[in-house]
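Undergrad: Here's the letter readout for the chains.
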Amino acid sequence: MITLTINEKEVTLDKPVSILEAARQAGIKIPTLCYHEALKPYGGCRLCVVEVERMPRLQSACTLMAADGMVVTTESEVISKVRRGILEFLLINHPLDCPYCDKAGECELQDLVNKYGPTVGRYKEEKRKVPESHKDQILARNMERCVVCTRCVRMCNDVQGASAITIIGRGDRSRMEPFSSASFNCEYCGNCLTVCPVGAILSRLYIHSFRPWQVDKEVETICSYCGVGCSLVVQVRDDSIKRVIPEMGLGVNKGLLCSRGRFGYEYINSRERLKTPLVKKNGRLEESTWSEALNLVAEKLSEIKKGEGGSAIAGIASPRCSNEDNYAFQKFMRMVCGSNNIDSVSRTGFAAAQKFFEALLGQGITANIIEGLKNSEVIFVVGGDPTSVNPILGLSIREASRRGAKIIVLGNAKGLDRFKNVQVIPPVFKDVDALEELLAGVSRVKGVRGEKLDIDQGIRALSEKYSEKMSLDGLEELKYALLDSPSTSIVFGMDLVQRANGHRAIFAVAGLTYLLEARLYLLSDRPNEQGLIDVGCVPDMLPGGRPLNIHDFKTKFETAWGGSIPDKDGVTLLEIIEGARNNDIKALYIMGENPVFNLPDGPFIKDALGSLDFLVVQDIFLTETAEIADVVLPALGWSEKSGTYTNLERRIQLQKKAVNASSGMEDWKIISEVSGKMGYKMAYSEVEDIMDEIAEVSPLYRDLSYREIAKGNCLWPYHGEPLRGEIHELPAMAESAGNYGSDFYLALEKPLFHSGTLSRRSQALMKICPEPTLKISGAAAEKLGMQDGDRVKVSTSTGSSEVSVSIDESIKDNRVLLSNNFEGRGVFSLLTYKLDPVTKAPGIEGCEVEIQKG
Amino acid sequence: MEKFLLKNIENPDSADINEYLKAGGYKSLSKALGIEPKDVVEEVKNSGLRGRGGAGFPTAMKWKFAMADPKFPKYLICNADEGEPGTFKDRPILEKNPHLLIEGMLISGYALGSEFGYIYLRGEYPDANDILNGAIKQAYEKNYLGDNILGKGVKFHLSVHQGAGAYICGEETALIESIEGKKGQPRNKPPFPVNVGAWSMPTIVNNVETLSNLPYIIEIGGEAYSKIGSNECPGPKLFSISGHVERPGVYELPMGISLKDIIYNHAGGIKNNAKLKAVIPGGISTPVLPPDSIDCAMDFVSMPKAGSMLGSGAVIVMDDSVCMVKVTHRALKFFEHESCGKCVPCREGTDWLRKILERMESGKGTEGDIELLLDIAGNMSGKTFCPLGDGAAGVVTAMIKHFRDEFEEHIKNKKCSLADSY
Ligand SMILES: Cc1cc2nc3c(=O)[nH]c(=O)nc-3n(C[C@H](O)[C@H](O)[C@H](O)COP(=O)(O)O)c2cc1C
Ligand code: SF4
Ligand code: SF4
Ligand code: SF4
Ligand code: SF4
Ligand code: FES
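Protein chains in written order, with this note's numbering: chain A, 1 to 854; chain B, 1 to 422.
What the hints contain is simulated information worked out from the structure, not anything from laboratory work.
Keep in mind that a hint or two might mislead.
[Unchecked claim] When the alpha-carbon atoms are kept at most 30 Å apart in a straight line, the in silico DSS-like pairs for lysine-lysine are as follows: (1) 124(A) <-> 326(B); (2) 182(B) <-> 414(A); (3) 182(B) <-> 40(A); (4) 374(A) <-> 182(B); (5) 127(A) <-> 355(B); (6) 127(A) <-> 364(B); (7) 414(B) <-> 124(A).
[As the list claims (entries may be wrong)] Incomplete in silico selection of chain B near chain A, CB under 7 Å: (8) 340; (9) 341; (10) 347; (11) 351; (12) 382; (13) 383; (14) 385.
Backbone N, C-alpha and C define an ideal beta-carbon position, used for all residues, glycine too.
So that you can see chain B by itself, here it is in the shape it has in the complex:
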């Protein structure tokens, strides 16, 4: 498949605006500025583009909500917080193809009538920060950003806001709190950010990859774009593959490709020909799949049917040297650390789950611990304020569902039968 999102990234100077222009960059912007904003939205609607941040929400629909709100200014925020373990798909765009993102934001800003954009960047991406700021500077110099873009009287200003290392700040309302200078904790919804977002103004939050698809949609037209990949979720998708595969990395593949295909063809199969034990298909908060369930189409609609979720498309592959209790413990350590503390079930539940798993791992598990884990997860799931807590509970439930014997073994043998490895 022809690459679009990762086009040109082998070029060591791909982040430079001149290279980007040479490769046809900012043409979609000119094209977009030549048509009415509402027609841009129409193209996006026709493309069937769904948000790549994890929830798969139809992008054009979100935009329309924001546009229907009469308040101005409207803010456009690019979510580049990318904090979900296993996920590193936005990083190549940010570091190698920043102008693609900027062009996408410009198209989006023009369509939405937004004149102010922010890129909320994960704090642990210091290189991306430098690169993005350099790219923004270049874009200003070349009049792709500013008060009169390309002499068309269009205004758009863009700046980077660095996060400070909280995973929850990837959640859009916590992100907005953080941009406002407050502690990152989710807000109550409704009102949704499209109506009451940053500084109480209509705000659109879109993922890096979502926004980076826009130039392509404008270039080839919504209709043509909608033919790529699966029917209900069209377009190219970035998959970040890690763990026990021969060729880990970020792959641009059509949406709906089979998980098996990703692992065995694109990523070169399991490392050292070992036996596959488990796959987490969409980042740590998506439920784990056993080997016999990986023949599934990777898109937002099919994955729930297979028992998991597409999430961010971060595939974590584990061979049979991995202890699933340890993985679960490690995951819960993450969730406990990242729980924002706002709601009781997540704040206390993640702590309790982690402590029990830690005890099991160190050979001190007791009869009834598994039921207790399931019950605690049950008391969290669906009762937390935001999806982070659900994710934490889901990890435990899925792990026990598919690998219960390993948990039982830990309790019975008072130790782990596997070597100390992840």
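Same shape as in the complex, but just chain A:
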């Protein structure tokens, strides 16, 4: 316990903090400029000086730790003069262009001068001139306004971990600059922008477009991009979004954001937004009215249900839609269309993995909070780069590394290159084996736990399968890192689920989780992959994770919903598509998804959907899939409607409406309209009514209400008891396949700056990353005789695409990577797939590719 006196007030502290924080705890405000709560103290501005008895000089409160018995004075004539002097120093070379500066009104310098500064200037000399930098498309840098507080640099280095900027020059020539002339290392998180106290770093997204005091509405909501679910504040003026900013300390992200969350929202105002329903007439989509379109949907679906039975109808739900939308959707499919054929694109990764993990280790096994990563001693990253899939989660890994945790990586994870301790990159076709080998190695030292006999047995089988000597360099080191760790987290990306034998990778990860008693995190690249499963948008489970094949659950829901649910489990996503191709499925209702683009073997998918009798697509854009639909229904997007989302930790959060959309309807509302027309009334007048119903029927969301959610910290299972999963029998493990004939193999890149097809309608993200590039290793470039920027033709058995190459030193093998975000040039149109027999996820590894100079 530390007791000190500040301004004659006795302050008691239970843990050591700086004088500044001690004063704040006591309600005493000390002015600061270089200090920022999210950053390490710096001591540069000297505004926070205080007098401390028995210390000869004035002391900076932000850097001096409080000690027992200190007597501190924070206000005196001497101190006031110092502060006035400091502010005068800051102003002498400042351009004082407040009338023109976007920061005016929320500028810390302006506020400080107002309160503590001199009233007249005594400076008669010439001011330093530094031209404004227009080099960057997103961030404007005005170094005349810079007060060299280094908050941006500390943010970029110590928190973001990008180390993209620094203060160059010395003394009065100091200014912040990117390390390289291009924005080479910048991750465009914009977190430097958040902490800059003045108008030295500004966002070009809204430069000169409004004044902070003109904001007439602020809405606290969450990001629409990934499974982290970051909190952000949308600032609105005249019913249009002016800016999206984070708030320090708020939400999972605690004031940090990534490029997508901060700059990616512009798609909402894209001119390409769907405005009216479209109906296909004479082979062409034509503008229509809501009543015509909705009637047509209801008629067609009723007709097919009647003629072919409910199982001829299928639905694809959306991990971008809210819990309420998805709940209404599955209820509609089950109760109205009479079909359990409900799935989502999540089946290609998250939903597939989740299901198998829960079967092995029990429901809720992946429900771990992101914050917990920071306290792990070892973090094992496998199957993808967390810093690009779930950037804010990625930051926790970097933070853990700074705190001394060991970061060990199997496979590629570029964003952790400067943070990892050990990395092993297995060759193509060998990554699942490597993972199994690791598990075998660990179990050889540690034995099995004897708690889950099936898993124990599976692990034993692996120990027999692999010899003691590990086949890859570094695996031994990985093994010991895991064995020596007192607290382990495993971060599992979906790359290894997208294998024809992905279930083996999942088993191996589950085995490691079990043996090491590790915390398991699944990366999730859409905002509501977890919620989607929770509310029943899977073919075999009702809301709350209740298996459909358990009679009691089914009847319970039938009673609640007033009708009957078909008995048989439905089919999964790619089985739906294949069903469409075989004419087993006649009608497909797609809500907020673009399978033609977002699933591998695009040409096949398109062909399959083209052979349906009836295709309905509900979306905010005329996507590749909507283009071939019979009816297209315009929906509302992020910020235009409210709803809840469940993030990868299973935190249930509210995404709120901030502006009124000029057209479109909430997804749940469209569904309930169609439902009504088909004779089943969904009595929801507000979105909240749906949550009330979910809270009643789902044990996981029991007692949940918008009021409760708004308070924050609603973590799954909310008052409910999760079902313990049980595995009865391990499925047979498929053999690894593949021959190694090809020079290069094509694989999916998950970029930091894009997500699905939304981000390509965001101007800012398109400026940061305007076109797809084929990422190749340095060795590959040499072999092909290519340089950065060369145009190439990439061909596979499915098709070809023209892109430019970019050399990526983090690639160490013969894989070449292409993203799936750009119209007409997505990697999925070039890849074929092979279904994993257990998880039903499409395996896409080892696609041979030919690269020719274009």
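Chain B with the ligands: place on chain A using the hints.
TA: Here is chain B with the ligands on its own, set in the frame of chain A:
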């Protein structure tokens, strides 16, 4: 007085290890290795040795702080950055007597339990770099450096790190940042380098001259050493004398010698018998003294009483042809250029002061400029992050205090009445 630090430097091969050995070199090391490390520290404590880098901190006390810290490895850094204008006292040791420094570092390393040493060398001393590296190579060959020094199982490795020309890198924490490969800017203290220094490990930074005194202390014993020079700051001291004297150069003299004695006896008096106008006694950041104040004892305790500081012991002598406004301007140009930019008062204050002085020098001074200069200096002094900014402010305050009339004249006459000379 018998010379110790500059012993043998007339010998053109003094930097060669064989010459050094011939003159009795590395004997103190053998002696030190024969006693317990803590007894070596005790000798140093008894000697009363104070750091020669400028602040005069008791060397043994600094060592004890580092030794009390349980973390290992501990690093020993020799501060050879010597960037203070007027200071060139370490240079003869570095260039002529490198083995004395190496021997001093070895004794220090042994006492402290440090096995890794660095010499942070001023970037503008390329010859010293070659000489030091040559000497280190020789020392390795003769087993004075390495894993089993003199077969005694003692380990010490030493290397030279060249600075890149920033004065602030002489400040110990900025120096450590620079050694770590970062931009040279001072760190917050506490924690002090003795606890959290290079790569977060306990680190001792000592000046070249400080370390070079160690062989002597071991040779004659702390007790005997403490009898040299002044009571509170004993030992021999190197003074670098520049400016308008007959014989500028580096002199090894007992600590506490009078400034007047240095100028008039050792350096041969004012050049061409001109009139003395001002003396900066300890390097550019120490306050200037007028002629009537130079009868003072040159040591860390007495100089503050005389209105200045011993600093690095760099005496800059100016005769009456020198314009004090110009000197002040030149000094501020240095500080503005060398300010690291971390803290506001120094970064902006040095710029502002320099600009005003420049204006005065060019005859554009106005009424009130002197008060403004004093006020700006006042707003800097005691508020900066490190002593560099204080030094800059102190130069201005002292110059105006002693030579105010010259500043006033510049404003009144709109020009300098003196010839264009420094
Ligand atoms: C701006 C500044 C420059 C300094 N430059 C030097 C230098 O060039 N050489 C030096 O030995 N000490 C220099 N010092 C002092 C060091 O910080 C440190 O006190 C010294 O190296 C300690 O060694 P000592 O205890 O042997 O004196 C400087 C200090 C400041 C504030
Ligand atoms: S946007 Fe992010 S990565 Fe880029 S400079 Fe700013 S803090 Fe660093
Ligand atoms: S750009 Fe902003 S945050 Fe960065 S140093 Fe300058 S004022 Fe501080
Ligand atoms: S990490 Fe995910 S949720 Fe957070 S801002 Fe980025 S995309 Fe949005
Ligand atoms: S006083 Fe401040 S700006 Fe000047 S050198 Fe020291 S830390 Fe840097
Ligand atoms: S806030 Fe303490 S020095 Fe800047």
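Undergrad: State for each hint whether it applies.
TA: Now for the hints, and whether the structure bears them out:
no.	hint	in the structure
1	124(A) <-> 326(B)	holds, 20 Å
2	182(B) <-> 414(A)	holds, 24 Å
3	182(B) <-> 40(A)	holds, 17 Å
4	374(A) <-> 182(B)	holds, 26 Å
5	127(A) <-> 355(B)	holds, 10 Å
6	127(A) <-> 364(B)	holds, 17 Å
7	414(B) <-> 124(A)	holds, 17 Å
8	340	holds, 6 Å
9	341	holds, 4 Å
10	347	holds, 6 Å
11	351	holds, 4 Å
12	382	holds, 5 Å
13	383	holds, 5 Å
14	385	holds, 6 Å
Checked against the numbered hints listed earlier, the structure breaks none of them; every hint is satisfied.
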